[in-house]
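Trainee: Sequence:
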Amino acid sequence: MSVNRPDRIRANRFLCLILVAAWGSVGAIALAQEQPGAGADVSQQETEPATAEEPGDRGSPAETADDPEGSASVPDAVSVRSVSDDESIGRRLTGILEATGWFSEPNVSVRNGVVFLSGTTTVDEHREWAAGLARNTEDVVAVVNRINVDHAINYRQSTNMVAASLEGMWESFLLRIPNIVAGLLLLVVTWIVARIVVYVLSRVAKRSRLRTSLQDLISQFATITVWICGLLAAAVVVFPGMTPSKVLTVLGLGSVAVGFAFKDIFENFFAGVLILWKFPFDRGDFIECEGLRGKVEEITIRMTNIRQVDGQLVVVPNAMLFKNPVDVMTSRKVRRITVICGVAYSEDVDQSRDVIRRAVEQCRTVDGQHNVEIFAREFADSSINFEVTWWCGSTPRQERESRDEVVAAVKRALDDAGIEIPFPYRTLTFAEPLQTAGVKEQEPSAATDNGR
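Residues in the sequence shown are numbered from 155 upward in steps of one, following this note's numbering.
None of these hints come from the bench; they were simulated from the model.
Because the structure is a prediction, the values reported are computed rather than measured.
Hints are supplied without guarantee of correctness; some may be wrong.
[To be verified] Derived EDC-like pairs (lysine to aspartate or glutamate); straight-line CA-CA distance at most 16 Å:
hint	residue 1	residue 2
1	K565	E541
2	K477	D418
3	K477	E442
4	K449	D521
5	K449	D464
6	K449	D436
7	K565	E515
8	K487	D436
9	K487	D502
10	K487	D521
11	K477	D521
12	K487	E553
Let the hints inform the model, and build the full structure from the sequences given.
Mentor: Dropping the structure here:
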């Protein structure tokens, strides 16, 4: 099966680009689903020491949760000394707030069991956490929370969070290097398998004498199927947590967005499938569509390559060929050609018809299985016009060769028979005679003398 290699390479690159992009998006979502679980485990481990404090043990500020991301739970109870005086409660709560590092200038004052909290934080959750902490403290009657939340961007904290996130991604990448290498090797194997499958299917299709367009459709669908299977297998190898259900979920959620983003590509894809399947034209046919005329060199799922008669290659989206009328000039082996031939009004019509018929029938490019038709068509300005119709090969070159041979043969035959092929002329009549250069009108007296 002859294939234009540069166009095939571009089509394969485009197909690989789409498949690799889909594989990367699936992997990114799978990686994002794995990270929240790890973060929750760390948060749980960090908050457990704060809730494990024994009653009566003052402990130290380091015993409280120190989570830079701000995810912490409020302990059920905060113990103080056996005598829960206001000063002890204030010192205990102040130490905990300072140890977290979440608050700027924290201040705790206690009067008759009522806790007054003040200071500044950048997260609403931290403010609520401090209020809950105070409420769970022994011998606290009420809490007045006067902590302000400053929503201005904390560049230092943001930098630390970004650095920690990048460090985690780098560590995850290093851990996955063996899996990534295995996935790349699996893609190489997929490429080899795709080439083998296409070769085997092309040989089988040729032996079964399937039409060329259907052979192309089978080969392209086989290539897509093998690559999809290979990419899914590589995704499972690189991301062990990936399961078929997750893949289907990701594809279902992203299908709408991908459909809108690649609407034109999918339109051309389905148009190409229908063109290859329905067989309106095939490789090697001459077609004309929307002023474009040429020979079809290759039909792919996305586009069709047409070589114009002047040698220029035009790549046409399949949707254009599917939605617009297409004139398949080579749908049959022969086609009909018509030319107009005129003879003078003084010539015999029947004789002229016979001379023209014999001249056309003797031409080599005229198909002998169809009759040559010659009809008197009209009274033109200077001639009687005949409509001469015959059949010849259907390609543009065969049409031009046949037209050239027939016109030349008719001209020679009419000349040999002495039949005039007139050219347009016009007769002008003037009311008075015209004076011509070099001729003088004779005087009446001279004319009289000459007559004597």
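Trainee: So, for every hint listed, does it hold in this structure?
Mentor: Now the hints, each set against the structure:
Using a Cα cut-off of 16 Å, the hinted pair K565 and E541 holds, with the two alpha carbons roughly 15 Å apart. The straight-line distance between the Cα atoms of K477 and D418 is roughly 13 Å, inside the 16 Å bound, and the hint therefore holds. Under the criterion of a C-alpha separation no larger than 16 Å, the hint pairing K477 with E442 is consistent with the structure, at around 13 Å. About 23 Å separates the Cα atoms of K449 and D521, which puts this hinted pair outside 16 Å; it is violated.
This hinted pair checks out: K449 and D464 have alpha carbons roughly 11 Å apart, not beyond 16 Å. With a C-alpha separation of about 10 Å, the suggested pairing of K449 with D436 holds against the 16 Å cut-off. Annotation: proposed proximity of K565 to E515 holds, straight-line Cα distance about 14 Å (limit 16 Å). For the proposed pair K487 and D436, the alpha carbon gap of about 14 Å is at most 16 Å, so the pair holds.
Between K487 and D502, the direct Cα distance comes to roughly 36 Å. Violation of the 16 Å bound is thereby established for this hinted pair. For the suggested pair K487 and D521, the alpha carbons sit about 10 Å apart, so the restraint of at most 16 Å is met. A threshold of 16 Å between alpha carbons decides the hint, and for K477 with D521 the separation of about 34 Å lies outside it, so the pair is violated. Restraint check: the Cα-Cα separation between K487 and E553 comes to about 12 Å, which is no more than 16 Å; the hinted pair holds.
Violated hints, in rising order: 4, 9 and 11; the structure is consistent with all others.
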